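J.: Starting from the known structure of chain A, arrange chain B on it as the hints suggest.
These protein sequence lines are chains A and B, in that order. In terms of UniProt numbering, the first sequence is residues 1 to 516. In terms of UniProt numbering, the second sequence is residues 1 to 489.
Rather than coming from a laboratory, the hints here were simulated on the basis of the structure. Don't take every hint at face value.
As the list claims (entries may be wrong) - Ranges of calculated distance between the beta carbons of each label pair, as one might list FRET restraints:
1. A:Ala261 x B:Gly63: 56 to 64 Å
2. A:Thr166 x B:Phe342: 27 to 35 Å
3. B:Gly63 x A:Ser164: 25 to 33 Å
This structure is a prediction, so every number in the text was calculated from the model and none was measured. Every residue gets a Cβ at the ideal spot worked out from N, C-alpha and C, and that includes glycine.
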Amino acid sequence: MSEEKAGNGHRPGRAGSRLSQELVGVVGLEIHAQIHASTKLFSGSQVRFSSPPNSLVSFFDASLPGTLPVLNRRCVEAAVMTGLALNCTINKKSLFDRKHYFYADLPAGYQITQQRLPVAVDGRLSYGVLVDGSQNHVLERSVRIKQIQLEQDSGKSLRDGHRSQTLIDLNRAGIGLMELVMEPDMCCGEEAAAAVRELQLILQALGTCQGNMSEGQLRVDANVSVHRPGEPLGVRTEVKNINSARFLARAIDYELQRQMAVVESGGTVVNETRAFDFKSGQTIPMRDKEGLQDYRFMPEPNLPPLLLYDQQTAPMDADPTQVILIDQIQEQLPELPRVTRERLVKTYGILPEHSFTLVNEDDLVDYFVSVVQRTKAEPRKVIGWVLKDLLGQLKQRCLSTAQSPISPLALAELLDLLEAGRISSPAAKLVFQELWKGTGRSAEQIVEQQDLGVMRDHGEIERICQSVIDSHPEEVRAIRGGNRNVLNKLMGRVMKQTKGRADPLLVRTLLEEKTS
Amino acid sequence: MLYPPFRDVHRHGNDCDVVMNEHHSAPPAGKPKGPLDGIPFSVKDNFCTESMETTCASRMLKGYRPPYTATVVQKLLDQGAVLIGKTNLDEFAMGSGSTDGVFGPVQNPWSYSVQYRERAGADAGWTIAGGSSGGSAVAVAAQTSFFALGSDTGGSTRNPGALCGVVALKPTYGLLSRHGLIPLVNSMDVPGILTRSASDAATVLGVLQGLDKKDSTTIPPPATPTHLPEEIDVRKIRIGIPREYHAPGLSAETLSQWTRVADLFEREGASVEPVSLPHTQHSIVCYHVLCTAEVASNMARFDGLEYGHRSALEDSTEALYAATRHEAFNDVVRRRILAGNFFLLKRNYELYFMKAQKVRRLIAQDFARVFHGGVDVLLTPTTLTDAAPYRQFIQEDNRTRSTQEDVFTQPANMAGLPAVTVPTALSSRGLPIGLQLIGPALHDTRLLALAAWLQKRLCFPRLELAGTWAEPGDVGVAPGLQGALQGHT
Chain A
1 MSEEKAGNGH RPGRAGSRLS QELVGVVGLE IHAQIHASTK LFSGSQVRFS
51 SPPNSLVSFF DASLPGTLPV LNRRCVEAAV MTGLALNCTI NKKSLFDRKH
101 YFYADLPAGY QITQQRLPVA VDGRLSYGVL VDGSQNHVLE RSVRIKQIQL
151 EQDSGKSLRD GHRSQTLIDL NRAGIGLMEL VMEPDMCCGE EAAAAVRELQ
201 LILQALGTCQ GNMSEGQLRV DANVSVHRPG EPLGVRTEVK NINSARFLAR
251 AIDYELQRQM AVVESGGTVV NETRAFDFKS GQTIPMRDKE GLQDYRFMPE
301 PNLPPLLLYD QQTAPMDADP TQVILIDQIQ EQLPELPRVT RERLVKTYGI
351 LPEHSFTLVN EDDLVDYFVS VVQRTKAEPR KVIGWVLKDL LGQLKQRCLS
401 TAQSPISPLA LAELLDLLEA GRISSPAAKL VFQELWKGTG RSAEQIVEQQ
451 DLGVMRDHGE IERICQSVID SHPEEVRAIR GGNRNVLNKL MGRVMKQTKG
501 RADPLLVRTL LEEKTS
Chain B
1 MLYPPFRDVH RHGNDCDVVM NEHHSAPPAG KPKGPLDGIP FSVKDNFCTE
51 SMETTCASRM LKGYRPPYTA TVVQKLLDQG AVLIGKTNLD EFAMGSGSTD
101 GVFGPVQNPW SYSVQYRERA GADAGWTIAG GSSGGSAVAV AAQTSFFALG
151 SDTGGSTRNP GALCGVVALK PTYGLLSRHG LIPLVNSMDV PGILTRSASD
201 AATVLGVLQG LDKKDSTTIP PPATPTHLPE EIDVRKIRIG IPREYHAPGL
251 SAETLSQWTR VADLFEREGA SVEPVSLPHT QHSIVCYHVL CTAEVASNMA
301 RFDGLEYGHR SALEDSTEAL YAATRHEAFN DVVRRRILAG NFFLLKRNYE
351 LYFMKAQKVR RLIAQDFARV FHGGVDVLLT PTTLTDAAPY RQFIQEDNRT
401 RSTQEDVFTQ PANMAGLPAV TVPTALSSRG LPIGLQLIGP ALHDTRLLAL
451 AAWLQKRLCF PRLELAGTWA EPGDVGVAPG LQGALQGHT
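Bound conformation, chain A alone:
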């Protein structure tokens, strides 16, 4: 193997590993976001999740002959909002097209989309990648948004193998989608997952898409290739069937590894579509759909060009319900995650990494702010409790913030006790655990009932310190001999005996005095 590689000018022998160091991954994404609206893109049927099959289908959705599309204003606004939030140029004129193919879940035999001139182009999404997967450091990255286009969703088909039939549900047919194309500016699964996560947060903040990948509200396909920097891009494959951000990273990384192995062994990557199988963690080639599809794009003749205006350019006599003003939408955009994070850092003095974690978690920002407002403790202390203690417990039990058994008020009370010196921090941890059990008692009550209040009796503390020292002559000798670390063991003993209620600083001071 290594000999054949000599043609590259590399030394034989180590050629394999040297090549794999040079190959880099190139990842682009094609994302379909279901627009959060009460009706469909071109018809008045309702949009609802999990309704009885074929109960939300209008004549147009069923492609009854003679029916015509009527554009849903809310969907256009959603696309404009999303485009603006992603720093896109909003095209004042955009066009609709028909994309033809035959499939049982596509009643008209074509999808209405925007192929020639989409509603938004040339944007940018900034996102953060957490280094080492920990909260220590955040790297700023960005990916170019090629375009955002409006298009119809298709229905769903279910294969019933038993009766050799296919069942079609058209509830989803015609729901508005925003297709977002992200340029291949990402290098790996981690970046793609982080970009998608940020996009989810933005869409949720805007209210234009609920962003739930497992419910199909956000669908991500990855375009993956490998090449050596400086050389032209490699052949790409498309990876589909990814149902969560976590799977996205795994699918992409698997595919990148697979492609690198192919290239290193002298093979060529085939341009194909592959499905991600989450059970095996692999991508497998999808059924070949009769070779390349020619979609026979044609302008949609029943929809005139979509014209958008600014307050200045809007025609004077225009009906306001028929006109969308881009600058007005811009003014009314809600706070985006990036701004929220900046605001949190500025207002509360927390670290950027913390702001990422806060914003990433549903409702956690509100929780945090709630606690801060109700406690005397500094935000920088609150953040530790929220991110480590609270979030840690929530994650362990797969709970959402909304399901937390400890309310912001309860946590605030606990922190106040700590702040007032009424309990020590180890005791506080114990109280926290008790609060978690949700017995309805307040922090104050728990402290009283379990006698966790800080030990005030200095005499008692001194007595316990002395008794520990007396019962550990070996350790005392070691400490006096210069091994100060052994002091921690004695401290541990004292804290245990006092059930953590003694002030650790005082204990240390006393022990140091007595062992000096």
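T.: Chain B alone, transformed into the frame defined by chain A:
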């Protein structure tokens, strides 16, 4: 005989009884809803009518009962007009003879007239009614309806209008809603109006025009009323005669009518001048490309899954689709689908579709230039000749016939302009010849005013139907309607 235009009247005889009874049981003291209250009309069978079979004369939609009614039909029903039946057509409105529908060809009543029998001879066979809205034209010509709706994509209302000796209006594109009109070419289709007089057409136009939020291609109607003025003053009118419309195949008689009417206008003080529409020669080919492309797209929905014919061959989804479409589309439809798909292929799109769109714009600009230059209306033939005998007509295929027959009518569809055909005289065979007026967009009313002016002066004769109805070997005659129009004056 007039069958098969009214096959539906027979089959849905009960429905019609119900309609009639409802009408008669309305309190006589009530005010009429409008000028159309109680007026019988027919509708081409490519307009959806709720719960009434709507077939487009195709096996694909045999038995299909839409759950809704087309906007223009509903407007008429709301006015109290009485729908007496759906009329026959070429399958999916593709054709210029109304000969290619699944229910059989439509016969022109004029070929059963006294005039025809006298002049054409006893063994002359019956003639076509023109297409694709043949049934609607016949309904009006034979006076079984006061007016009828057709559709017009390349001349499908005006062509049969001319061959059947009635007034047929193709309105400005966007003036009448297409919601519920099963489309042929979305960017050219319009509902068409067939009547015996231009002022009737104006009345119907007034009821039908208007924005429809269910059809995004509709435009606000002009502010001017559709009620025709007492008489238009032609001394203020400039008439253009496009030289490119001296097409090969134009019959001597049609040419002579063209001259007659141009002279008439001039004698009465209108200014009549030659004009040029230089891109006319390209319009048929351009129309062919654009029409077939849209057809291929519009027909993609017919797969047998949601409605319509479904093949019994269910080995796979693809086999089902292919068999359903093969079984239920006639070969005219299938040919257009194939051609259209070819033109829309990625490698062909620029060469054919884009090119045709550009040529289309040139054709529209030809008209715009002429109208901008001050010409008010164009006067042209509607068809090349009078109605051909059926046996002669079917010797060429549908595509050839359409190519030949649509010459004068389809440029107006390409440009979205209003056009009306007016019956002028009978040919030497006793069959109607019509002439066409084309106007600028949204000037439909002025067009009809000119048509009315002409009708008053041309004295087009009445249809006199002969005593005998059927010849041996002719298409079967529906009993019950025999003799229904005997003695009609």
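J.: Now look at each hint and say whether the structure bears it out.
T.: Hint check results:
1. A:Ala261 x B:Gly63: 56 to 64 Å: 59 Å, holds
2. A:Thr166 x B:Phe342: 27 to 35 Å: 30 Å, holds
3. B:Gly63 x A:Ser164: 25 to 33 Å: Given a distance of about 26 Å, which is inside 25 to 33 Å, the answer is holds.
Going through the hint list in order, the structure satisfies each hint without exception.
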